[in-house]
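2 protein chains.
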Amino acid sequence: MSRPLRIGIAGLGTVGASAAGILQRKANAIVPKAGRSIVVTGVSARSRGKDRGFDLEGIAWFDDPAELAASDEIDVFVELIGGANGPAKAAVEAALAAGKHVVTANKALLATHGNALACLADASGLAIGFEAAVAGGIPIIKTVREAASANTINRVFGILNGTCNYILTRMEEEGLEFDECLKDAQALGYAEADPTADIEGHDSAHKLALLASIVFGSEVDLNSIYLEGISAISQEDLRAADELGYRIKLLGVAQRTEQGIEQRVTPAMLPKSAPMARVAGVLNAVAVDGDAFGEITMVGAGAGGDATASAVVSDIVDIARGRFSPALGIPAESLTPVSRSGMQAHAGAYYVRLNVYDRPGALAGIATRMAESGISLESIMQKGRGETGSQTPLPVTIITHNTMEEHIREALARIEADGHIEGRPQMIRIEKA
Amino acid sequence: MSRPLRIGIAGLGTVGASAAGILQRKANAIVPKAGRSIVVTGVSARSRGKDRGFDLEGIAWFDDPAELAASDEIDVFVELIGGANGPAKAAVEAALAAGKHVVTANKALLATHGNALACLADASGLAIGFEAAVAGGIPIIKTVREAASANTINRVFGILNGTCNYILTRMEEEGLEFDECLKDAQALGYAEADPTADIEGHDSAHKLALLASIVFGSEVDLNSIYLEGISAISQEDLRAADELGYRIKLLGVAQRTEQGIEQRVTPAMLPKSAPMARVAGVLNAVAVDGDAFGEITMVGAGAGGDATASAVVSDIVDIARGRFSPALGIPAESLTPVSRSGMQAHAGAYYVRLNVYDRPGALAGIATRMAESGISLESIMQKGRGETGSQTPLPVTIITHNTMEEHIREALARIEADGHIEGRPQMIRIEKA
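Protein chains in written order, with numbering that gives the first Met the number 0: chain L, 0 to 432; chain V, 0 to 432.
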């Protein structure tokens, strides 16, 4: 039996406290899995007094996380501080410089500085475990980094943000508007006081950037991700989706196309028959399309202290066993720059909702603009027509056949310029299941 | 860069040929993932002449798989011969004795001799990779062996046999009888000429025995699995299930109960709302309930040459990287005997279908017997009543509330003895989703 593996944890919120608790309570059960005992020897957090449900006896306290990271008392530095820069980054750099393995749940940090940190770790043969950073308890990093080795991955996509999925599920099931569901999510602790990172898709983009890097062997490149949040999704869209046989989900998608790698986080319509369309509430789901193993879909808790701590502990046990490899799957120096395929080249079907003034020729004008851009329509639906000549615009929903984003954007810009519609057109991409 | 990892493959059927092909075709892409090159240096199969779609040039041919296994030409022995005993067992033993890592898709071998083989491997610090033995391309072994380290697992269950799921799906969707669907499955190559291992549940039991060993830290114990196949499932059952809101699946379930570990492979009714109820055709699915990560469900291809080869190659890459640990998750010497909870103690709800003679008092007699055994009924449904006194028995379907298996068996034995029913009662367990 090797000597104990010594763990330093910086950040004792719900995840950190849960991880420390698991390591203490289950110490005996973990030994045969890890091949050695694992002990928490140091911690760092903002407030020292708080009862966090685990035993601080005999654990060294550090006010400065970077000092803990570099301390001789630890072998593995667990970073649960959060934030792309500041103390989290400084502490992780200090840990790697001092020859400590790193385990982190910090998607923002890795999405922003992942390439540089992976280079540092690789240079010293150190692990950066970040299973906890993507989809919580679902072992998707292990799956794409290790289980998928035989595969050329064509697409990875998923519901990567439980907050958005909770909001969309409640909007759909209860007919509530976005603002109301967001407030409930905040009251339940699913959403932050400032919910921007979740609802505008930044959190999903961080996770997608990490997944995309591993599956395509490319550098982590947050800037190449096209982003749309869910705040513009309305009850009209959800009702139309339902009638047309779709559900609306905030999806992160990274896919190989003939033009390169397309990465996007947007609301998307999924056929109701798709397994992922049924993933409700705060759950996460990720699907990986490989040329050898086909499509593998994984569903589970994407957040929560215990689920995220479970991923942290599994990374620690992997390190204890020596079961690790370059952080991003292949040596960071072998990662290629993203060959980016921009959204203009996105190919697929679209849902479009327009508020059309009830004038003679309006619908014909819209159909003509679509045709001029080479877009053929699968369906066009107008509802609630009152007396002709009413001043209230009527909602028209359109489903297109496969087309390209630049064509649909061109058509919608012309339709808007023609003055037939009130407000901006709504456009939601339809994702092939 | 380390020296190449040399692979010997015994058995060049669809899986072996696909694995060799992937290792050759994707050699360059695999190097950075594996940290070294991986080359097939030896093979063994029954017929030498056949074109298998990969290049045999420079690869040593062995007529005897055990000779390949012990050869100085290889570092890892890949066993794709099949069978619980005979040449597969001899070759794997020879490989371990000669200090070679083993990768295998052979669930029968490991379900039968897994403890002894794991002891051999552990004693020499060798890997036995068997991701390919359970649920094909789904990385469920990696998940329970590595990703679940922080968890106490309460239940693992799944659709572990694609042949049965194909048959049940077609029966359900097209109203066909079992025999017809089985013939189609055979014609499509989904079922063997002798389909016993699939349809009677033995194949699922092999897989369940391996999963249960890892999740409960217990010895592989095929004999403690209770087994029922799907050949007795009829259209009446599928129609009744549909009306009652269920789907019928052949499920392998291993769960922790107060009495010990319950392991069973039986047809089971799942609520239609359960994610696994919607897994159709030849797909597999596995769900793991852990106290930290909650329930994780994985769905994917459970068979097929490429999906299974994908798992074989991922095990090989793990070995190349040194990412392995004891075969059954913890050292084989630490595995405990299964503390078996027998089926008599199974707790749950039941579906019962009886062909009841249309006599005064028959239904009352049945209800009384149920009550005598302390079973309360959620519903009782009688269909198709013609004129009273008809000689044709009428189907009666019953859903019980939670009870114990010994009670339902007692009640059904008495009902049978009372002479109110024609033939044997049908009984299907309802699985909590």
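Calculated from the structure, these hints are not laboratory results. Idealized CB from N, CA, C, for every residue including glycine. Mixed in with the good hints, there may be bad ones.
As the list claims (entries may be wrong) - Using C-beta positions, here's what the derived DEER-type ranges look like: (1) Ala26(V) with Ala346(L): 54 to 60 Å; (2) Glu377(L) with Ser378(V): 39 to 45 Å; (3) Arg238(V) with Asp290(L): 51 to 57 Å; (4) Asn84(L) with Glu257(V): 48 to 54 Å; (5) Asp183(L) with Ser123(V): 36 to 42 Å; (6) Asn153(L) with Gly124(V): 34 to 40 Å; (7) Gly48(L) with Glu257(V): 37 to 43 Å; (8) Asn153(L) with Ala97(V): 55 to 61 Å.
Said to hold, decoys possible - Some chain L residues flagged as far from chain V (calculated, every beta-carbon gap over 10 Å): (9) Ala28; (10) Asp305; (11) Gly328; (12) Val355.
Unchecked claim - With a Cα cut of at most 35 Å, we get these calculated DSBU-like pairs of lysine-lysine: (13) Lys49(V) with Lys271(L); (14) Lys431(L) with Lys382(V); (15) Lys431(L) with Lys271(V); (16) Lys182(L) with Lys25(V); (17) Lys431(L) with Lys49(V); (18) Lys271(V) with Lys382(L).
Verification of the supplied hints:
1. Ala26(V) with Ala346(L): 54 to 60 Å: Violated: the Cβ-Cβ distance is about 32 Å, outside 54 to 60 Å.
2. Glu377(L) with Ser378(V): 39 to 45 Å: holds, 43 Å
3. Arg238(V) with Asp290(L): 51 to 57 Å: Taking Cβ atoms as reference, Arg238(V) and Asp290(L) lie about 40 Å apart, which means the hint is violated.
4. Asn84(L) with Glu257(V): 48 to 54 Å: holds, 51 Å
5. Asp183(L) with Ser123(V): 36 to 42 Å: Taking Cβ atoms as reference, Asp183(L) and Ser123(V) lie about 57 Å apart, which means the hint is violated.
6. Asn153(L) with Gly124(V): 34 to 40 Å: holds, 37 Å
7. Gly48(L) with Glu257(V): 37 to 43 Å: Given a distance of about 40 Å, which is inside 37 to 43 Å, the answer is holds.
8. Asn153(L) with Ala97(V): 55 to 61 Å: violated, 40 Å
9. Ala28: violated, 7 Å
10. Asp305: It is violated; Asp305(L) is separated from chain V by about 5 Å at its closest Cβ, not greater than 10 Å.
11. Gly328: It is violated; Gly328(L) is separated from chain V by about 6 Å at its closest Cβ, not greater than 10 Å.
12. Val355: At roughly 38 Å from the nearest Cβ of chain V, Val355(L) sits farther out than 10 Å, so the non-interface label holds.
13. Lys49(V) with Lys271(L): Violated. Lys49(V) to Lys271(L) sits at ~45 Å, over the 35 Å cutoff.
14. Lys431(L) with Lys382(V): violated, 42 Å
15. Lys431(L) with Lys271(V): At roughly 24 Å apart (the allowed maximum being 35 Å), Lys271(V) and Lys431(L) satisfy the hint.
16. Lys182(L) with Lys25(V): Not OK: Lys182(L) and Lys25(V) at ~50 Å, beyond 35 Å, violated.
17. Lys431(L) with Lys49(V): Roughly 39 Å between the alpha carbons, so the hint for Lys431(L) and Lys49(V) is violated.
18. Lys271(V) with Lys382(L): Holds, at roughly 33 Å.
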